[in-house]
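Could you put the whole structure together from the sequences, leaning on the hints where they help?
One point on numbering: in my numbering, the residue at position 201 of the sequence shown is 1478, and numbering is uninterrupted.
Don't read these hints as lab results, they were simulated from the structure.
This list has only true hints and no planted wrong ones.
Per label pair, the in silico range of CB-to-CB distance:
1) 1507 - 1427: 31 to 39 angstroms
2) 1620 - 1690: 13 to 21 angstroms
3) 1448 - 1352: 33 to 41 angstroms
4) 1709 - 1632: 51 to 59 angstroms
5) 1635 - 1430: 26 to 34 angstroms
6) 1375 - 1450: 40 to 48 angstroms
7) 1284 - 1635: 22 to 30 angstroms
8) 1704 - 1450: 54 to 62 angstroms
9) 1652 - 1735: 44 to 52 angstroms
10) 1450 - 1666: 22 to 30 angstroms
11) 1507 - 1711: 51 to 59 angstroms
Below 20 angstroms or equal to it, Euclidean Cα-Cα: the simulated EDC-like pairs (lysine to aspartate or glutamate) are:
12) 1316 - 1433
13) 1713 - 1695
14) 1713 - 1758
Just so it is clear, the structure is predicted and the values come from calculations on it, not from any experiment.
Here a beta-carbon is modelled for each residue, glycine too, at the ideal position from N, C-alpha and C.
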Amino acid sequence: MSRTARELAEMAVPRLADFVTIDLPEAVLRGDEPTDPTKDLHRTVVHGIRDDCPFYPAGERVHLRPTTPQLRCLTSGRTVLEPDLRSAAGWVSQDRSAAQRILSHNVHSLIAVPLLARGIALGIASFYRAQDPAPFGDDDRSLAQELATRAAICIDNARRYTREHAMVLALQRSLLPQGFPEQNAVEVAHRYMPAESGVGGDWFDVIPLSSARVALVVGDVVGHGLHAAATMGRLRTAARNFAELDLPPDEVLTHLDNLVGRLDREECGDDPFAGITGIIGATCLYAIYDPTSQQCTMARAGHCPPALVRPDGTVTFPDLPAGPPLGLGGLPFETAEFHLAEGSQLVLYTDGLIEDRDRDFDEALEQLRSALAHPNRPPEETCRAVVESVVPEHPDDDIALLVARTHVLDPHRIATWDLPADPALVSSVRSAVTRKLAEWGLEEIAFSTELLLSELVTNAVRYGSGPIQVRLLYDRTLTCEVADTSSTAPHLRHAATTDEGGRGLFLVAQLSQSWGTRYTPEGKVIWAECPLEVPGGKSGLAELSLDDIDDIPAI
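Listed below in structure tokens is the structure:
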């Protein structure tokens, strides 16, 4: 809006006037429709043949008296012509000292025009004459009014665009993560920068997974505006839901691909000639990092490959299979696995960071490489350096940037036991777990953990197939894992009074804060996360209510 107002002033000087000032209400500058255009006026433009004319400077709030020509034109909605400012009492009384200084610069005639568009007063344009001794006449007034009317329509269009842009940006930011859950696998920092031309559908996420792992996601929906932002929110929500299923990256992308295809078909409808194009395209990069093995598994759907910063400062762009963009359907996604040394930084970004019409692609990649080649730097500083040295001055596309520095779970906080499928070994596992928990100083939760693991191991012996592996992970929570080579998943159910079994998973659900199944190439893993502190200092089955215990016969 300010640029449009300045273009009006530059058009009028010097062909119509020698000086032009434009005042707009604060509400208009925000993109809103003014309720009272006479209040909160801001001097938006001061332009003329000289820079030293003592008008109120641009950027200041302007308090105009009702007797001034400017406020009279705004309240009446009509152009006001003051041929001789020396005799214009209302104009002089606004600020007598300033008026005398303006008159001393030979300014002698004024046309005040309201900026009216669609029946709304958006501000005031004031045209002053100094060099030509003849005062403004009716022809000048008509020309000034025509210029102001056309400019007002442009300003109103800019105001509406500003309001829409602000609404879409607010929606976009509300759909992006407001904060990340606590986890120890990676230390993260992020940036989101909207394009100058309009908000798009770039997004990122950090999703804690079972067994101390974490998923890192970056995606990009093609296009700009409300539709792209809303689609981004749907895909981000879907990605989190698929991540909750503990699926590998390629399967998550396959589900997202199917979802985008369905959304396209729903939005386009049955009429291919209706002109509705749907989502058009979306890209995504999904990575899972495991701090126990330091392995990172990644897959991408038409997205930019990530940058990997080794602890020695070496920057590489891993050779990751590209995969088709989301929504094409029918094509598989491939995963790649990398070992990340502790302190490595994984940098995920959208194409707006390196693709710019005013810059060569290879040059942008080298700028990114140079900005990242600093080992032992916190992710927040890495984000700042990338924004300062790589982000275009006027980005044409949205930019999402996610930097994650990897950590490793201390091997002394990992305990593993390999067992044959023998029920007689359950008691020995309980004894080994008790000793390990005592070594970790977790005696308070030892009883409930023993009971939980007993149920999981017994379940694996009875319904799974050997060999069986038991693993404890001591991180923010205590994770108990039991792995076997069967692909049969257990299900929580209500056991009848006469049932001999079916209550084990009920105990697991009551003793843990979350539990689930994760499939592996060798079989499956049943995991359960236990809080490190028992509420109220109680131990054992304190987390189970007496009513719960009474409802379970034969315990």
